[in-house]
Amino acid sequence: MSYPIMRFPFRDILSLQQKSDSKAERLVIVCKQVVELKSHNIIAPYKFKEIEHPERGGVFVFEPSYAKLDDFVGLIHTIYKINQMSSMSEANRKLQQLIDEREKSIPFDSSWFKDIDETKQIQRPLIVSKLTPLVETRGQMQITQKRMYFQPFQSLSSNPMLSFNLHDIQYIHKRRHMMRHIALEFIFKKQMIQSLSLGPYTDNKLFSPTTAKSSDDYYNANPNGASSQGNFKLTSGSAITGSNSNHDIDSNNNTGETLLISFQSQDIRDNMYSNVLMKQTTVTRRDFPSLETVQKKWIDGLIDNYEYLTLLNQSSGRSLNDLTQYPIFPWAITDYESKELDLTDVKIYRDLSKPMGALNPERLKKIKLRYEVGFQMPEGSLGRFMYGSHYSTPGYVMYFLVRQFPEYILRFQNGKFDTPDRLFSSIQRTWNSAYQSLTDVKELIPQFYEGDGLFLKNYRKLHLGMRTDKIEVNDVELPPWANGDEKQFVRIMRDALESDYVSAHLHEWIDLIWGYKQRGEPAAHANNLFHPLTYEGTVDIDSITDETELEAIRMQIHEFGQVRYFCLFVDLFMFDG
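Each residue of the sequence shown is one higher than the one before, starting from 1 at the first, in UniProt numbering.
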């Protein structure tokens, strides 16, 4: 498609007119700015076109081909008038009221049930959101004795219903969404514990289909030793791709699916979990392995460090479907300059007993001075903190994945890439920033230790710009020891993560992220205190009724990420390999 998608912001529309004659009905829009995207179907920053003389160059005429103008022009006029209101909070309230009324008027279409003998298990369908990175697809959920159905409110598909066989559900996890306990994540059979189901932007060619073990085999790891790297894959398979896909997971599906659903309240979520899903005979009840069981397997060497960290991420509510709670992995090594890397040399490894912000003594001295002496908290603040940034935020995840999923950052930053000097362009520079900068304490994401390293390649040929040193941003510059091979880089990073040194000290890093050094006085002593809004329980979101305040908190969560209160006590130990 050579023509771009054109977006007309309501606040930039000067007039809307309906004109008709004997031949056709037309909608005429006069607009002072138009946004163009995906011209020639190329992913690139949006083009914001200011129109100097809208009455001449900003006139756009639309003639519907398959619908009557009267069917939707009234709604367009209503939304246009709301967007012209001077009070943003009042406009948002009116828009939400309009959305609520419209959603209530849309019936759930049970004619799309797969089998004629299926009966509803819920008197009225639930209004829910299907969550994928940066996207909430609103719709209705219904359960039968055989399947779970999701009908999006907005769908262009000729078959607008997603369906999932209940007997294919492997696990159901209670999850948080925006600091509220209102979500469920469904893990389907024959898939790894973290599948890369990344929603409407997923490119199924990014990860090759894998014959990896099912999760049951995974938990019953090879008794002869830790499972190999090849037995655990980040997979996308046939990912859930939004409202335009007709999806029914059958018993032969081995593609690796997850589904994250947000409900309107915790009570509705819990009732769905306990009184509906768990009572369906077609749902195979499997208890997620206890942390004690998983920890023992790790100590005994039956699962490796990567797999153990993945399970901890999963158990603590981190999900590849939620950028505010994305899986977190540590920087394991500090040498990104040498031509060769000796993994038996302990000097190349990072001190895992310290958070990133405390690794550099000079930086830590400045941070502590600000915290202990010169840090003046404004009135009404939530408490003191050492780091204004966080070790895992949506921005950091998008920073690492800008080549693989550029749509994320374009959506997050209103159609723009970051400036070239701030983009992820070098492993060494990224490490230097995380080690030295007062505002950067980020850890890593799982792709650094698993997969083919495609997130490091500019395989889409994106135009990412030129840095101030006149170097074009293209592939990520790898350390010399990777020999320019992204697969070798990931392989060596994984070998380092599984090394004897990391195996002996990983529990210290786990204490910082999931253990007793996560918050409170132990966190302060460990120089591990982050912004209060990152911690669960700091703010009772359910008690806030002001929409402006709620939106501000949501924006802060997107900025800082989230820390789940998840206290994992790990016995101090040393073990071989």
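Rather than coming from a laboratory, the hints here were simulated on the basis of the structure.
We put the CB at the ideal spot given by N, CA and C, even for glycine.
The reader is advised that the hints may include incorrect statements.
Taking CB as the label site, the calculated pair distances span [claimed, not checked]:
#1 Pro480 / Glu521: 14 to 22 Å
#2 Pro480 / His40: 33 to 41 Å
#3 Thr439 / Phe48: 26 to 34 Å
#4 Asp270 / Asp421: 31 to 39 Å
#5 Arg491 / Arg11: 45 to 53 Å
#6 Ser290 / Gln264: 25 to 33 Å
#7 Lys279 / Glu340: 24 to 32 Å
#8 Tyr273 / Tyr516: 46 to 54 Å
Straight line, CA to CA, 20 Å or less: simulated SDA-like cross-link-like pairs of lysine to any residue [claimed, not checked]:
#9 Lys104 / Lys366
#10 Lys81 / Gln17
#11 Lys47 / Thr430
#12 Lys32 / Ser2
#13 Lys366 / Gln436
#14 Lys104 / Thr78
#15 Lys19 / Thr78
#16 Lys354 / Thr430
For each hint, the structure was consulted:
For the hinted restraint 14 to 22 Å between proline 480 and glutamate 521, the CB-CB distance of approximately 43 Å leaves it violated. Hint check: proline 480 to histidine 40, Cβ distance near 38 Å, so the stated range 33 to 41 Å holds. In this structure the hint that threonine 439 and phenylalanine 48 lie 26 to 34 Å apart at CB holds, the actual value being about 28 Å. Range check, aspartate 270 to aspartate 421: about 48 Å between beta-carbon atoms, so the 31 to 39 Å window is missed.
Hint check: arginine 491 to arginine 11, Cβ distance near 50 Å, so the stated range 45 to 53 Å holds. About 31 Å separates the C-beta atoms of serine 290 and glutamine 264, a value consistent with the hinted range of 25 to 33 Å. For lysine 279 and glutamate 340, the hinted distance range of 24 to 32 Å is not satisfied, since their beta carbons lie about 59 Å from each other. Taking the beta carbon of each, tyrosine 273 and tyrosine 516 are about 29 Å apart, not inside 46 to 54 Å as hinted.
The hinted pair formed by lysine 104 and lysine 366 fails the criterion: a straight-line CA distance of about 55 Å is larger than 20 Å. Between lysine 81 and glutamine 17 the CA atoms are separated by roughly 13 Å; this keeps the pair inside 20 Å, and the hint holds. This hinted pair does not check out: lysine 47 and threonine 430 have alpha carbons roughly 29 Å apart, beyond 20 Å. Restraint check for lysine 32 and serine 2: the C-alpha separation of about 23 Å exceeds 20 Å, so the hint is violated.
At roughly 11 Å between alpha-carbon atoms, lysine 366 and glutamine 436 fall within 20 Å of each other, so this suggested pair holds. Between lysine 104 and threonine 78 the alpha-carbon distance is near 18 Å, which keeps this suggested pair within the 20 Å criterion. Between lysine 19 and threonine 78 the CA atoms are separated by roughly 18 Å; this keeps the pair inside 20 Å, and the hint holds. About 18 Å separates the Cα atoms of lysine 354 and threonine 430, which keeps this hinted pair within 20 Å; it holds.
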